[in-house]
Amino acid sequence: MDNIDDIYMTMDCHHRMHIAHKGFWRNGEKQMPGPFTAISHEDVKEKKWKPVQEQYQEHAEWYTSMLEKGGRFTLMVWPEHCLVGTTGNAIVQPINEAVQEWALKSKKTVTYIQKAQHCLTEMYSVFKAEVPLPNVPSTDLNESLLSDLCRSGRYAKVVVCGQASSHCVAFSCKDLVEHWPNYAGSRPLSDIILLEDGCSPVSGFEQAAQDFFQEMRLKGVTLAKCQDAKLKPSKQQSYGKK
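According to UniProt numbering, the sequence shown is numbered sequentially starting from 1.
I should point out that these hints are in silico values taken from the structure, not numbers from a laboratory. Do not take every clue at face value.
[To be verified] Using 30 Å as the maximum straight-line C-alpha spacing, the simulated DSS-like pairs for lysine-lysine come out as follows: (1) K69 x K219; (2) K45 x K30; (3) K225 x K107; (4) K174 x K69; (5) K225 x K108; (6) K22 x K69; (7) K30 x K48; (8) K22 x K48; (9) K30 x K47; (10) K69 x K45; (11) K174 x K219; (12) K47 x K22; (13) K174 x K22; (14) K225 x K174; (15) K48 x K69; (16) K174 x K108; (17) K225 x K105; (18) K22 x K45; (19) K69 x K47; (20) K69 x K30.
Source: prediction; values computed, not measured.
Using the sequences plus the hints, can you model the full thing?
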């Protein structure tokens, strides 16, 4: 714990009426979709599934089209989670206790980053929404955060862990790796340490997590177990944790 210079805690902050939640959608029988229902651009265009608020029909068609053009996935309806104002929006107790203890011992504040607050786009990655919205800066690429984490001389290592290895951790780490050269210069990707046992996949998405680990390994990211992660600082270097 003494070797951690800063902690960045990323928090999903969803509203119940969200484009990836059931309440946003209805079918021809005015029924809401069940959890893990995939809604394609074609489904929206043909109004197999349509927004309960009709004024969002055009946006829904544009959004699902852009999402699929991005190549990562089709819109999926998730079980309601991380709802603002509920216990699901809080840091789980063991982790919270640990970071609060770190704050006290280090005499520093934890950096909390709230994401996914906009109801009309998804934001798995902490760095940007899946489909950035026009004139909504909070959905654009967070260049300030990337600069803080990547720039040479601030942190010798960036440690990545959390939930889930199939989705939010995966998409965040992929974005970090993609933009690393733009902010970190010649620093190697091995300066990113991904804790394999410090995260787990959403049930049913285990293969996606394994594919993510393999992709990061091939790109040069350091994969490690929590007990094996080497966080011993050199004389003029410091370490960050995300």
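Status of the hints after comparison with the structure:
1. K69 x K219: holds, 24 Å
2. K45 x K30: holds, 17 Å
3. K225 x K107: holds, 27 Å
4. K174 x K69: holds, 18 Å
5. K225 x K108: Holds, because 26 Å separates the two Cα atoms, which is no more than 30 Å.
6. K22 x K69: holds, 23 Å
7. K30 x K48: The given pair, whose Cα atoms are some 10 Å apart, holds under the 30 Å limit.
8. K22 x K48: With a Cα-Cα distance of about 14 Å, the restraint between K22 and K48 holds, given a limit of 30 Å.
9. K30 x K47: holds, 12 Å
10. K69 x K45: Roughly 15 Å separates the two Cα atoms, so the pair holds.
11. K174 x K219: Holds, at about 10 Å.
12. K47 x K22: holds, 15 Å
13. K174 x K22: holds, 28 Å
14. K225 x K174: Distance of about 19 Å is within 30 Å: holds.
15. K48 x K69: It holds: about 20 Å lies between the C-alpha atoms, which stays within 30 Å.
16. K174 x K108: Answer holds: K174 to K108 is near 28 Å, not above 30 Å.
17. K225 x K105: holds, 24 Å
18. K22 x K45: Judged against 30 Å, a Cα distance of about 18 Å means the pair holds.
19. K69 x K47: Satisfied, since the Cα-Cα distance of roughly 20 Å is no more than 30 Å.
20. K69 x K30: holds, 28 Å
The earlier numbered hints are all upheld by this structure, with none contradicted.
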